[in-house]
Amino acid sequence: MSELTLAQSYTLVALNAQRSMEMTTAKKVALRCISAAVILEICLEQGLTQNDVHIRINKDQFEQSQHTVYRGLTIKSVARKPGIASDDLRSWLKKASRLSRRAMIQLERVMADSLQEIGLLEDIPHVLGCDLYFESAGVRVKQYRSDMGEYARIVESTRAEILEEGPLTDETICILWLLRESGCMREVFSLHELGRVNERLNALYATVPLIRQLFDIRISHGIELTIKRFLHLKREVTKTPIGRLVNFALPFIERSQAVFIETETLITNPTQRLHFVIDRLVANGNVVTVLQEGTIPSVRIDNLDYDVVTHAIYGRFPIYGVRLLPKSLV
Amino acid sequence: MSRQRSMESILKSEYVSIGELVRLTDTRYSTLKHYTEEGMLPFEQQEENLTRRYRREETVARIELIKKLRSEGRSVPEVKELLSWK
Chain A
101 MSELTLAQSY TLVALNAQRS MEMTTAKKVA LRCISAAVIL EICLEQGLTQ NDVHIRINKD
161 QFEQSQHTVY RGLTIKSVAR KPGIASDDLR SWLKKASRLS RRAMIQLERV MADSLQEIGL
221 LEDIPHVLGC DLYFESAGVR VKQYRSDMGE YARIVESTRA EILEEGPLTD ETICILWLLR
281 ESGCMREVFS LHELGRVNER LNALYATVPL IRQLFDIRIS HGIELTIKRF LHLKREVTKT
341 PIGRLVNFAL PFIERSQAVF IETETLITNP TQRLHFVIDR LVANGNVVTV LQEGTIPSVR
401 IDNLDYDVVT HAIYGRFPIY GVRLLPKSLV
Chain B
539 MSRQRSMESI LKSEYVSIGE LVRLTDTRYS TLKHYTEEGM LPFEQQEENL TRRYRREETV
599 ARIELIKKLR SEGRSVPEVK ELLSWK
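These protein sequences, in sequence, are chains A and B.
In terms of this note's numbering, the first sequence opens at residue 101 and continues consecutively.
In terms of this note's numbering, the second sequence opens at residue 539 and continues consecutively.
Treat the hints as calculated values from the structure; they're not laboratory data.
Just so it is clear, CB atoms sit at the ideal spot from N, CA and C, and this is done for glycine as well.
This list has only true hints and no planted wrong ones.
Reference listing, derived: stretches of chain A covered by chain B, where coverage requires no fewer than 3 residues with Cβ under 8 angstroms from a Cβ of chain B:
(1) 249-255
(2) 260-267
(3) 270-284
Using the sequences plus the hints, can you model the full thing?
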């Protein structure tokens, strides 16, 4: 069991299932918050709870340490001039959220590399790479996958602390704030639980200085967060029974979910069809487990479950194949 | 408020919280909460603050036993009955 820093823990949550080769809006939101997580991590070590208005950060200290390359990089991007920088927490976090595109790419690389080195993050082929249009165009799509055990440990221990009675640790307060700023609250808590989270934070607001200090600060970028929320909502809708039908009939609405794999000819035998699909997925680099065989087989691709449904695309001539439809997790 | 305890200090302490049990046993919070509500995980609760405290060694061993019984295909009521015999 590894002891991760605040920034590493949050990165595992934020980068999970994000495209690794493109700078998507959702990834931009995640990277801005990862940068803020690095600042919070440094501040926590200096005793943020002691009501310090100004926080002094020695850039050279962090550059010397090989284990904290990401700290040095963040300070370099955030601090205006080299050397010892002093500012209040709000300014630090605001600056961290305004990283340039180049700085974001560098931060992503450094954070992902540090987690890949300890085997907690993988760069896996996206199932979309098997889709007829992507495959025939030679477009490679990849995504990050966090170690599922470590991911669950971080998320579940945060949930346990906030949903139970009792004191909150500083790390949990920071993670909750980062989840709020990156628009990930609905991915971690149910609607009912969110009410409880809100209730607890309101109750502790007056007595806990860190909550008061942190939850008054907003670093999220409205447009980016709105786009991210819309895309998340769209993805959730496609997992409902009606959404699945819409996704099946109009796959372009949620292209990343309704993947079409062509079989070239009409294969009537379901077992043969399934093997064809598995071969394509394995060739793409995905790990496939058959959950259920039959007319509509179910497969687990990496860590998500899909139904394999026969489908054909009709244009000037029909293209036979199968469509992978995501299964609802609830 | 305080910093999160390191794994080393958690492993040395007699009592742990439910959040620390999640970290120790790799079990979902909702699962541990359910087991607690079913009376399968005994805890102590102080009067002044309502934090549930679990005896680390016994609770971790009990969770491992429950996981083993569940992997053998036993239902939660069956596991509960088996635990009450112990």
